[in-house]
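Q: The primary structure of each chain is shown beneath.
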Amino acid sequence: MPGESFVTLRKITKVYGSGSAAFTALKGIDLDIAKGEFVAVMGASGSGKSTFLNILGCLDSPTSGSYKFKGLEVHRFSLNERALFRRRFLGFVFQSYNLLSRATAVENVELPLVYRRMPRKERRLMAEKALELVGLSEWAHHRPQELSGGQQQRVAIARAIVTNPELILADEPTGNLDSEMSHEIMKLLVSLNRDLGLTVVMVTHEDEMARYAHRIIRFMDGMIVNGSDELWDARQMK
Amino acid sequence: MIFDAFIIAVRELRRNLLRSVLTSLGIIIGVASVITMVTLGNGATEQVRRQIASLGSNLLILHVGQAPRGHGGVRGKAPPFKLEDARAIAREIYGIEAVAPVSATPMQVIHGNRNRLTSVFGTTSEFFEVRDWPLARGRTFTVGEERAGKAVCIIGQTVAKDLFPYEDPIGNTIRLKKQAYRVVGVLGEKGMSSFGTDRDDLVVIPIKTFFRRISGNTDVGRIEVSVMDESLMEQVKIDMESLMRQRRRIRPGELDDFHVRDLREIAAILSGTTRSMTSLLAAIAAVSLLVGGIGIMNIMLVAVTERTKEIGIRMAVGALPGDVLLQFLVESVVLSSLGGILGIILAIGCSIWLSKILLVPFALDPFIVCISFLFSAAIGIAFGYFPARRAAHLNPIDALRHE
Ligand SMILES: Nc1ncnc2c1ncn2[C@@H]1O[C@H](COP(=O)(O)OP(=O)(O)OP(=O)(O)O)[C@@H](O)[C@H]1O
Ligand SMILES: [Mg+2]
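Chains A and B, in that order, give the protein sequences. Using our numbering, read the first sequence as starting at 3 and increasing by one per residue. Using our numbering, read the second sequence as starting at 5 and increasing by one per residue.
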């Protein structure tokens with residue numbers, strides 16, 4: 003279903019540090035992502051995958067280049083506008099889950115809704131619904147440290163989708179999980195992509211996990227080496 | 005939102021309870037000292053006011069000699085007053101309620117085998133009116149007793165208790181200079197003065213009796229006057245001064261050899277002293293509040309560093325910089341107001357205790373309590389702003405990477 007422009011990146015660069023210590027982590031990224039796509043990002047360690055994803059997620063800003071999201075000129079946003087943008091369109095899943103350890107599962111899931119000024123009861127209801135969707139209803143009142151890695155990651159996914167985002171960004175979501183749990187998480191992401199129509203961009207090291215995606219983008223030394231849509235094309239053939 | 009921020013703030017502060025309390029110590033001490041000082045100052049002022057009222061409101065006292073300036077004034081050389089001066093004041097000045105000539109001397113007073121050194125006052129029945137001092141029992145002097153200079157007396161509570169522990173003093177006799185005086189009345193209790201003297205330690209006799217039997221002359225030591233209304237005080241004072249200049253034949257340009265003392269002036273001096281004390285202590289309190297504020301700023305900077313990762317997570321899930329700012333501001337305000345509340349509690353405890361020790365009334369001013377509380381909250385805002393701003397301006401990805 004690649005349609006009208008959803009995400010458009012042009013000549014994105016990212017330079018860390020300055021002067022002689024400057025390091026160019028991204029060397030001109032051109033990329034389009036269509037609505038509803040499931041994209042896997044692969045590449046060697048240090049090739050710039052996380053840097054790229056963070057820029058896509060507006061957690062970090064590019065040094066140069068243009069980033070358009072549904073026509074919005076994201077690269078021109080101020081700090082506050084970027085926060086508003088994240089809040090409106092994005093959901094994040096991290097390798098290390100990044101749950102608040104002092105809050106229960108359901109409290110973690112409702113956190114994004116707190117910042118959307120949603121009334122108490124309503125947001126609790128929505129958080130419970132999201133937990134149900136990831137199959138964790140019984141664990142709602144447990145703290146992260148009482149949950150397995152896979153369960154914690156599912157809480158994180160519930161937190162990412164509770165706000166009905168349009169784009170899910172996942173940086174090695176299965177990096178800390180064993181193979182069985184990894185597949186569970188991937189199936190969950192696939193179903194969110196398929197059933198809810200969420201666009202997913204996921205960084206991974208494992209070919210096995212990348213195979214769940216429509217398309218694989220390979221990074222090498224801060225550049226995309228093949229923009230080919232082999233998997234996507236292959237599926238389209240069927 | 006602010007409610008959520010409040011909940012989080014309380015949770016965070018409870019998690020580090022000891023640290024929170026230690027941090028707010030500066031505020032606690034600052035607030036406690038301000039409130040305690042003001043409360044005690046109010047108490048002292050109130051006490052002076054009560055004593056002056058109990059001395060007889062609107063009292064003017066005419067003394068011989070120049071008004072004391074600093075230490076020691078020229079006294080004694082000036083001629084004493086006479087009874088006729090008191091009569092002239094009563095007769096010629098408008099606005100006077102009562103006039104009492106007073107001559108006093110310390111003397112040994114004896115009853116049976118008991119004796120006591122006390123003050124003997126020779127005066128008239130109007131004295132009790134001037135001083136607004138009702139009798140507890142008995143009666144005042146009759147006109148006959150005053151005119152004839154009879155050996156009768158009215159005694160203060162302390163004298164009554166000391167000389168007549170088991171008997172009724174009324175109708176009994178006491179001795180002054182080996183002469184017997186019949187007790188006709190006992191004065192009501194006045195208690196201690198603000199200078200620590202016992203105002204109930206006196207014996208009052210008719211002034212003519214005093215002249216004849218004790219002083220041996222007709223000199224009047226001072227003349228006490230009570231004025232009908234406070235608004236007339238100034239005028240009566242001026243009239244008394246010009247009357248006395250005329251009677252004592254003081255030419256224009258010459259200094260008065262007498263002075264009129266207004267008790268309100270003494271009250272003003274006393275409360276002025278407490279006021280300058282209060283402002284000194286307020287300065288100390290301000291310094292400790294400043295130190296307290298810096299302590300809060302410091303601990304909030306620590307909290308921001310400790311919770312950088314959490315801030316990153318919150319930003320990733322949708323917190324705006326303003327939300328983060330609000331969160332940390334609320335936290336520092338809760339912290340400083342906690343200090344304010346503890347300070348208020350401490351202050352109330354201290355002032356109750358100190359006012360008992362210093363024998364001043366406990367006069368807590370709710371206005372000062374409110375102001376101190378609001379001020380402590382304001383310190384939270386002022387000193388919490390910088391750390392909160394620092395948290396709000398973190399780059400989300402740097403915050404998330406922070407361990
Ligand atoms: N904050 C930073 N300051 C300086 N250099 C950085 C910073 N973040 C990343 N880099 C550098 O940029 C390069 C790309 O980093 P990035 O995290 O994007 O790699 P990656 O592809 O995600 O690697 P991995 O697979 O190990 O996660 C690396 O060489 C890294 O050292
Ligand atoms: Mg990475």
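Source of the hints: derived by calculation from the structure; they are not laboratory data. No residue lacks a Cβ here, since even glycine has one placed at the ideal position from N, Cα and C. Please note that the accuracy of each hint is not assured.
Derived DEER-like restraints, expressed as beta-carbon distance ranges [stated by the list, open to error]:
no.: 1; chain 1: B; residue 1: 385; chain 2: A; residue 2: 29; range: 44 to 54 Å
no.: 2; chain 1: B; residue 1: 290; chain 2: A; residue 2: 73; range: 25 to 35 Å
no.: 3; chain 1: A; residue 1: 213; chain 2: B; residue 2: 386; range: 20 to 30 Å
no.: 4; chain 1: B; residue 1: 14; chain 2: A; residue 2: 213; range: 45 to 55 Å
no.: 5; chain 1: B; residue 1: 345; chain 2: A; residue 2: 21; range: 50 to 60 Å
no.: 6; chain 1: B; residue 1: 389; chain 2: A; residue 2: 29; range: 51 to 61 Å
no.: 7; chain 1: A; residue 1: 25; chain 2: B; residue 2: 386; range: 36 to 46 Å
no.: 8; chain 1: B; residue 1: 298; chain 2: A; residue 2: 47; range: 15 to 25 Å
no.: 9; chain 1: B; residue 1: 14; chain 2: A; residue 2: 209; range: 43 to 53 Å
no.: 10; chain 1: B; residue 1: 298; chain 2: A; residue 2: 83; range: 55 to 65 Å
no.: 11; chain 1: A; residue 1: 25; chain 2: B; residue 2: 14; range: 20 to 30 Å
no.: 12; chain 1: A; residue 1: 83; chain 2: B; residue 2: 389; range: 18 to 28 Å
no.: 13; chain 1: A; residue 1: 119; chain 2: B; residue 2: 385; range: 46 to 56 Å
no.: 14; chain 1: A; residue 1: 47; chain 2: B; residue 2: 385; range: 26 to 36 Å
Some chain B residues flagged as far from chain A (calculated, every beta-carbon gap over 12 Å) [said to hold, decoys possible]:
no.: 15; residue: 7
no.: 16; residue: 65
no.: 17; residue: 147
no.: 18; residue: 148
no.: 19; residue: 161
no.: 20; residue: 171
no.: 21; residue: 324
no.: 22; residue: 402
Anything over 12 Å on all C-beta distances counts as not near chain B; from chain A, calculated [what the hints assert, rightly or not]:
no.: 23; residue: 63
no.: 24; residue: 171
no.: 25; residue: 180
Q: Check each numbered hint from earlier against the structure, then list the numbers of those it violates in ascending order.
A: 2, 3, 6, 8, 10, 11, 13, 14, 15, 21, 22, 23 and 24
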